[in-house]
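Visitor: In case you want the letters, here they are:
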Amino acid sequence: MCLGIPGRVVDLRDDGGMAMGTVDFGGMRRDVCLAYVADEIRPGNYVIVHAGFAISKVDEGEARRTLELLKEMSQLDELAWMREVAERSLAGPADRGIDGSTDRRIDRP
Amino acid sequence: MTNDPSLAAGPVCPVPLGSATHVLLGHGSGGKLSAELLRERFLRRFGNPALAALGDAAVLDNPGGRLVVSTDTFVVTPLEFPGGDIGTLAVNGTLNDLAMMGAEPCWLTAGFVLEEGLSFTVLDRVLDSMARAAAAAGVPIVTGDTKVVERGKADGLYVNTTGIGTQTEEFSPGPAGAAPGDAILVSGAIGRHGMAVMAAREDLGFATTITSDTACLVPLVQRLRASAGGAVHALRDPTRGGVASALNELARAADVGMVLEERALPIPGPVAAACAVLGLDPLYVANEGMLVAVVAEERAEAALAALRDHPLGREAVRIGTVTSEHRRLVELRTAVGGRRIVDMLPGDQLPRIC
Amino acid sequence: MKYLAEYRDPDLARGLVTRIKATATRHWVLMEVCGGQTHTIVRHGIDELVADQVEMIHGPGCPVCVTPLEQIDRALAVASRPAVIFTSFGDMLRVPGSRTDLLHVRAQGGDVRVVYSPLDAVELARRHPEREVVFFAVGFETTAPANAMAVWRAHQLGLTNFSVLVSHVTVPPAITAIVESPDNRVQGFLAAGHVCTVMGWRQYEPLAARYRVPIVVTGFEPVDILEGMAMAVSQLEEGRHEVENQYVRSVRRDGNRLAQELITRIFQPVDRQWRGIGMIPASGLGLRPEFAAFDAEAKFGLTNIRAQEPAACRAGDVLRGRLKPHECPVFGRECTPEHPLGAPMVSSEGACAAYYNCGRARLPAAKTA
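Protein chains in written order, with numbering that gives the first Met the number 0: chain A, 0 to 108; chain B, 0 to 353; chain C, 0 to 368.
Please keep in mind that the hints were generated in silico from the structure rather than gathered at the bench. All residues carry an ideal CB built from backbone N, CA and C; glycine is no exception. There's no promise every hint is true.
Listed below are the simulated DSSO-like cross-link pairs for lysine-lysine, each with C-alpha atoms no more than 30 Å apart in a straight line [to be verified]:
id, chain 1, residue 1, chain 2, residue 2
1, C, LYS323, C, LYS20
2, B, LYS152, B, LYS31
3, C, LYS1, A, LYS70
4, C, LYS20, A, LYS70
5, B, LYS31, B, LYS146
Derived coverage of chain C by chain B (criterion: at least 3 residues anywhere in the stretch with Cβ under 8 Å from a Cβ of chain B; other residues may be distant) [what the hints assert, rightly or not]:
id, segment
6, 7 to 16
7, 36 to 47
8, 353 to 361
One-sided and incomplete, this derived list gives chain B residues near chain C with beta-carbon spacing under 10 Å [claimed, not checked]:
id, residue
9, SER28
10, GLY30
11, ARG338
Take these sequences, add in the hints, and give me the full structure.
Guide: See below:
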């Protein structure tokens, strides 16, 4: 099962030699085994949890960077797309290729 | 159970035991223990003239008009959960079934199957809940029945309630009423009851702040009637199977299609989180205090305003539209711009929720 | 939910769809090898958004679905034994064996219990020393750390009434089998983000190089999938075939070292049968001899199991991506989630279940915007 969900570590403790902790998933809490991430996490960190085990610590810096990049890209893409649409509607029907786009194959009689 | 040795073999001669703390087989035998149970626990809480007459059946004045009857049996486990218990469900659930038909509830009955060994503390809490819910709705419990079964045969307690109400022709929403162009509304947040019950099941080991939304929907339906009248084409309370199943049933009964907007669905954060963790879809999770209303487009805004005017309907929102395309199918426009069908589920995502 | 909801943002998704459409100059074929990713794609209608640019073939990403029928039958045989508490993840309950399934076994008195974590099964064994507790350990490498820890924990506690029925499979050999197959159409892969969280992506580098296929380690939310697809398409357009990581918030090149260490201590590579595909060498995990006491197969002597494949089930072709679920003749007719002929129709990661429950091929074709 691939179902892995991010959650916030609330506390850590030792359960007979096994590192355990409470993880909060958006308001829902469960005990999670932290043995595989114990050496790198503190309360407040986020982890990916699968089948009751934390399998990685969420790299929040990377996550933030990616989201910002994606946001920029989507805004740029939106501008580019709007520009393309504007250009296409300015071009007359004779300039349009068979697949309806400009700058591709231009089919002139 | 007490340690009284006279009880060890199982009571066959019911002797009034004022100090009994748990249900005994004798409480169901029809003798003095039964009478005591009835008097001390049920009558004291449900007291009304029809019930107090203690006839084999209740005698009631005919209210006139069309009669609407609904019955439902409640087997939820655990018996008590954040926000309510099996008693609250039993009263509100049946009142809501009547309300979904546009009926004004008049009377309730209540039948109980008690398991030997059920704690009276728990039973009293459940009965208190039922009395409170019935009183709040102004609907008396006029007759009932109690049986006791051996330990291990009833998971503590099963309750059946039957409700009787009256309906007029001018306000009679029915399951086949949806028409193309109608607006699909929900009166409140989705997914609370099912997740609250599930979280209360200790074997799954989750803790959450979600509480059941169990509530009597009669006031909401009254507001819909006042604001939209005959333009309310269909009503349904999405209990087992959730909003998805309720909409599928309405679509099939009326032979129409439906289109929902994923971004419009009012799913509270904790419900979404709990569902994500457990791999469940909130659209299939049971609700006990909200309704789905299919209303003619021209009265949709008025209906929403009327719902939002009541505490139970503050989060009422439009989630979709009825269509004549893809009949009997419910389509969901996904948050990222794609689409898929929302189908009936083969079985319960979560068993014994109601 | 933080680190989840942001990856369902419609604006980000739309930006990535535009990017894919702008980048692709021709049609490409990609495969995802993870049931979780298949479900996201189908649930959100992602592949339909870029259908002209990319075809997504759904690979054998469902460990339950690729588990041979004999192993399912073994599980059912154990679950039927009176003294046994049989535990598994929830979606196993309706997976059909040759003659029955766990739901029916439970209805007939078998003690079958759903657990969220294999540690819950170990706890059951600890609390019920008079019963035998068996856990059905099905999964890819993602679940191996959890199952390894369960065995390790039982070993530490000295439990003699706990065992696991192992059906672990690993991903890289499956990718190899796919690309080496003569009629392979797949040009690039999305690798499973949580498998790689555990194992890292080093093992995929020789595959990308030898078979000249881009491999993008990808997450599970719609924005993750679209970004992974965009990265794969860019590579294909540029003639590159590298391993790239989209799921940067969880995956590192070396993966989780602690998890890998325990997996290696408890398990060893074994040959495994993949249902519908056949034997793939060294594609599975089995218990090491030192932990044989926890092997349910040995403990319960489950050797004389003869499976009977339902004739009409095309799970093998679906799992290899030869057939889309709705192209199977019995899809939605004789085979439905209520009456499944094969695991892909009931497993939470099965492609057939995704297609059926999301109504693929039942909606009329979308009008292009």
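Visitor: Does each hint hold? Answer for all of them.
Guide: Hints, one by one, checked against the model:
no.	hint	in the structure
1	C:LYS323 with C:LYS20	23 Å, holds
2	B:LYS152 with B:LYS31	23 Å, holds
3	C:LYS1 with A:LYS70	17 Å, holds
4	C:LYS20 with A:LYS70	17 Å, holds
5	B:LYS31 with B:LYS146	14 Å, holds
6	7 to 16	holds (count 5)
7	36 to 47	holds (count 6)
8	353 to 361	holds (count 6)
9	SER28	31 Å, violated
10	GLY30	36 Å, violated
11	ARG338	5 Å, holds
Checked against the numbered hints above, the structure breaks hints 9, 10 and satisfies the rest.
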